[in-house]
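Asker: Let the hints inform the model, and build the full structure from the sequences given.
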Amino acid sequence: MDESVAIEQTLWDEMDGLTGCVAIYDSGRPGKTVALRFDIDCVGVSESSDPNHPPVQQGFNSTYAGRMHACGHDGHMTIGLGIAKYLTSNRETNGVNGIVKLVFQPAEEGVRGARPVAESGIVDDAHYYLSSHIGFIAESNEVVLNPYNFLCTTKYDFRFKGVPAHAGAQPHIGKNALMGACTAATQMMSISRHGSGMSRINVGVIRAGEGRNVVPATGELQIEVRGENEEINTYMCQQVERMAQGAALSYGLELETEVMGEAVDLTNDLELVDILGTVVSEMPVLTAIPKRSFVGSEDSTILAKRVQKNGGKSIYFVIGSNLKGGHHQSNFDFDESILPTAVQLIL
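Counted the way the UniProt record's numbering counts, the sequence shown spans residues 1 to 347.
Hints in this document: simulated from the structure, not taken from any laboratory. You may find that some hints are simply not true.
[Stated by the list, open to error] Below 27 angstroms or equal to it, Euclidean Cα-Cα: the simulated DSS-like pairs (lysine-lysine) are:
hint	residue 1	residue 2
1	K313	K32
2	K101	K32
3	K101	K85
4	K313	K85
5	K313	K101
6	K291	K309
7	K291	K305
8	K85	K32
9	K32	K309
10	K101	K309
11	K291	K313
12	K324	K291
13	K161	K175
14	K32	K305
15	K101	K305
Answerer: Written as structure tokens, this is what we have:
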């Protein structure tokens, strides 16, 4: 790995652990303000070391255990940087008026990053907001103009606190946090699904206990719920919170609830969908897919809805890519030949 291209320590220190970045291009000419959002974070997966894995062959595979770009966000930031380079290198001839804000957003995984970016106000003056994703539901040279079924989601950590005790000598004074966590988990999976649309729940992580002869004093659940709209997602949230509270009460436990991330649903503005369709039709290499179900969650929706609430227009679309491994898998790799086309498409 070429360490000469790594971030300088002084810049790292100045960032103080914050990994987001906004670059603002002002053309110096009157016009609209356009916000382009690119998520930049990695996934908690260890990258494959298989010698046939293209990043291994080409020397850019992750060197950090449990950290790799397994969702294409490195491609997203590359597209953003390509746009930035074009704008600044062709200031007098690029034909761009007004202001372009390139929002490089951290922490999309876990849908944690968009909310603080939105609350910073950086997109509040945007007339137009564009965001996209590589791969996912389309192949190379396909563009899904108007994906739908963006699921609202809320990510929870539930922490149960009990009382430790010797499991043989004094089991009666212990309060078993493991049992509280297990009971909550099984009860959550029995929640009735909503009749008005799609709903989802997943208990992804459970941690509890200190030893085989100790009544467990700690238990933790990491879960997520999803809903086709905010009403359904709220219903799922209310149900899992009730289950966790009930389990804690049953075992005499304290309960700490923390929302770790969230995303909302989204309806694209048709004006932008039509414009995108026209642009795609003028690029012979690309094929337009009018609509396709997304059936996932994306916190870009928080930024998009904020722009819409302030009177602007928003769109989220999919730039197709053939994949050598699925998203969030250790052998993930996308078709890099799509990157120049993606830059041209957005410009």
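Asker: Each hint: holds or not?
Answerer: Against the structure, the hints:
1. Note on K313 and K32: the hinted pairing holds, with a Cα-Cα distance of about 12 angstroms set against a maximum of 27 angstroms.
2. Restraint check for K101 and K32: satisfied, since their Cα atoms lie roughly 11 angstroms apart, inside the 27 angstroms limit.
3. Taken as a hint, the K101 and K85 pair is honoured in the structure, with Cα atoms around 13 angstroms apart against an allowance of 27 angstroms.
4. Of the supplied pair hints, the one linking K313 and K85 holds, its CA atoms being roughly 25 angstroms apart against a limit of 27 angstroms.
5. Straight-line distance between C-alpha atoms of K313 and K101 comes to about 15 angstroms, which keeps the hinted pair within the 27 angstroms bound.
6. For the suggested pair K291 and K309, the alpha carbons sit about 24 angstroms apart, so the restraint of at most 27 angstroms is met.
7. For the given pair, K291 sits about 20 angstroms from K305 by alpha-carbon distance, which is consistent with the 27 angstroms threshold.
8. The straight-line distance between the Cα atoms of K85 and K32 is roughly 20 angstroms, inside the 27 angstroms bound, and the hint therefore holds.
9. A distance of roughly 17 angstroms separates the Cα atoms of K32 and K309; the hinted pair therefore holds under the 27 angstroms criterion.
10. Distance restraint check for K101 and K309: the Cα-Cα separation of roughly 18 angstroms lies within the 27 angstroms cut-off, and the hinted pair is therefore satisfied.
11. Under the criterion of a C-alpha separation no larger than 27 angstroms, the hint pairing K291 with K313 is consistent with the structure, at around 18 angstroms.
12. Restraint check for K324 and K291: satisfied, since their Cα atoms lie roughly 24 angstroms apart, inside the 27 angstroms limit.
13. Distance restraint check for K161 and K175: the Cα-Cα separation of roughly 8 angstroms lies within the 27 angstroms cut-off, and the hinted pair is therefore satisfied.
14. Restraint check for K32 and K305: satisfied, since their Cα atoms lie roughly 18 angstroms apart, inside the 27 angstroms limit.
15. Our distance criterion of 27 angstroms between C-alpha atoms is met by K101 and K305, whose separation comes to about 17 angstroms.
Figure legend: structure checked against the earlier numbered hints; every hint is met.
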